[in-house]
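Peer 1: Sequence:
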Amino acid sequence: MKVIYTDVLVIGGGLAGLRIAIGARRRGHDAIVLSLVPPKRSHSAAAQGGMQASLGNVIKGQGDNEDVHFEDTVRGSDWGADQQVVRMFVNTAPKAVRELAAWGVPWSRVRQGDREVIINGQKVTITERAEAHGLVAQRDFGGTKKWRTCYVSDGTGHAMLFAVGDQAIASGVPVHERKEAVALIHDGSRCYGAVVRDLMTGELTAYVARATAIATGGAGRVYRVTTNAVICEGIGAALALETGAAALGNMEAVQFHPTGIFPAGILVTEGCRGDGGLLRDANGHRFMPDYEPEKKELASRDVVSRRMEEHIRKGHGAKSRFGEHLWLDITLLGRRHIEHNLREVKEICQYFLGVDPAEKWIAVRPAQHYTMGGVRTKHTGESPTLRGLFAAGEAACWDMHGFNRLGGNSVAETVVAGMIVGEFIADFIESPQGELDIPTALIREALAAERARLDGLLAGSGTERAEALKAEMQQIMTDKVGIFRTGADLEEAVQRLQGLLVRSRNIGLRTHSDGPNPELVTAYRTQKMLKVALCIAHGALTRTESRGAHFREDHPRRDDAQWLKRTLATWKGADDTLPSLAYEPLDVLSMELPPGWRGYGAKDYVDHPDTARRAEELTRLRERLQGADRHAVQAGIMPYDHLLPERFRGRNERIDERLP
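Per our numbering, the sequence shown starts with residue 1, numbered consecutively.
None of these hints come from the bench; they were simulated from the model.
Backbone N, C-alpha and C define an ideal beta-carbon position, used for all residues, glycine too.
Only true hints are included.
Simulated DEER-style distance windows between Cβ atoms:
#1 MET1 - GLY134: 53 to 61 Å
#2 GLY104 - ASP427: 26 to 34 Å
#3 THR463 - HIS340: 51 to 59 Å
#4 ASP437 - SER461: 40 to 48 Å
#5 ALA628 - GLY28: 36 to 44 Å
#6 SER461 - ASP575: 19 to 27 Å
#7 ASP575 - THR463: 13 to 21 Å
#8 LEU442 - ARG41: 31 to 39 Å
Think about it this way: if two alpha-carbon atoms lie no more than 35 Å apart in a straight line, the pair counts; the simulated DSBU-like pairs of lysine-lysine are:
#9 LYS346 - LYS295
#10 LYS480 - LYS319
#11 LYS95 - LYS295
#12 LYS95 - LYS145
#13 LYS2 - LYS378
#14 LYS565 - LYS95
#15 LYS123 - LYS145
#16 LYS572 - LYS378
#17 LYS378 - LYS295
#18 LYS123 - LYS95
#19 LYS346 - LYS145
#20 LYS295 - LYS314
#21 LYS603 - LYS565
#22 LYS295 - LYS319
#23 LYS95 - LYS346
#24 LYS123 - LYS319
#25 LYS123 - LYS603
#26 LYS40 - LYS95
#27 LYS60 - LYS346
#28 LYS295 - LYS123
#29 LYS360 - LYS145
#30 LYS378 - LYS95
#31 LYS346 - LYS40
#32 LYS123 - LYS346
#33 LYS360 - LYS295
#34 LYS314 - LYS480
#35 LYS314 - LYS145
#36 LYS603 - LYS145
#37 LYS314 - LYS565
Model the full assembly from the supplied sequences, consistent with the hints where possible.
Peer 2: Here it is, written out as structure tokens:
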């Protein structure tokens, strides 16, 4: 029995996982990071456009602050977000950008004087302030009132990941590469680490830790067409789900990015549209102003994706041998801008489409992009039902995104949540709750159970092929649980996915070695992915409303009276074929921003019974606090500062908002 002990076990070597480990090491605790791939090849590197932080440096970001960022994020979430967590996030994001700058991230910078930009398809000259010269620049992104997205050309995630990876090395954080957690070690109330498989040798090892953090990214690969890397299969969420104790939150909330290149589905950054790119149909017509006259191409992602698919349904899609698509036109930005600020986009278009985007339009269609749901956590990042288990980043339902996230808030969340959760993990370890008292029998039983499961696959004589089951699951999810959903499609999806799950228990392998065996890996991952897919489909079927990225054509209204609550999915029995669903109501009477109109489409939603009462309370509070500064007003409405780790409290300085 091979056992490795550590203070903190981090499952996942992307930005969130590395930043958690750095935070723990800073507090004097040992941390080990497990990664399927070398950490600098994690999917965090794929983030292109930038991270949101309300610095307010560029002239089009003047007046931006935490209040504006908070409101944009809550409206973007369609009021599904935890508003205290959103406040924690928007307060810490500027600190994260400055920390990353100190670590070597070469943020694009403001240059004083005149510059030409494209706004609403027109060339406009704007003048940057002298006092902003040399400060971190921001670009426009969808769903925001101000230019807020800090960027490194269009390779932001790459630059951030390399800087944070280097910092992890400098901090002495060991990364165990080609290691995969296949099960959590727990007793139903306390998590003690994970059973880990070496992908090269097949050896199982027990990693025993005082705190275990899941930071494995999203679950995009349960869909056929996705912008996610091949390692983003939702395995971290499945590990938590299979404990029977931890819950997944809001798994039906799945975002589709408007501009995946067609047909490959590879991401083309929102920065293309933020910098002035336009969406056109088969006739070259710019169609988004017809649907969203105010925000046009820069409406929230869920809105733009639906409008694009709606436009294709009306017969306006461009036809190709792969199917219908629309066009993204960035030719008006000019070659110099594209080659300096959108270099990755240019290379992707050349390599995968064979076109030069400075001269030709880009074929695009919405593709699965982000999982708003994940392991349900408290504001500390800890599971409320399985002590010692934490989660951060896309793998978590922290829950700052609700039912739709804004572009740039995801890569920002990775480092911000990593900062915050890393501190709370250190606090947990230093508390009596963090003491580790684990019977060796529990470790031995966990290892034996996983060994028996893998040996059963290797020695079994099943007739099902894992790759075929996986492909069928991906097609079902793409066809039936996509941008537009109906009860009939979702019922069919759930029934077919249940059938696939049952069949996955009869998988047979052609390769029976326990070493580097991709067929075995596909087999045990597919079993886990099907459970995650069922959480998405069953949650979507049960939620009879439309909210954010979850759009039911048979229930098109947002229904706050019945559905202003978070979905919680658990998997109680190994032989079950459906998750158990419960719901966590959101407290309107504690909200800083009570539910209202998002700003898109018709004002067609059902109010929560407490919304009017909370609005009246807020009016009285603001009258009583008249004359106070914005920080005092905010603290009087919904205090949150006490929830932050002490080192991240405090105000952020801006050109127009100096600290005393």
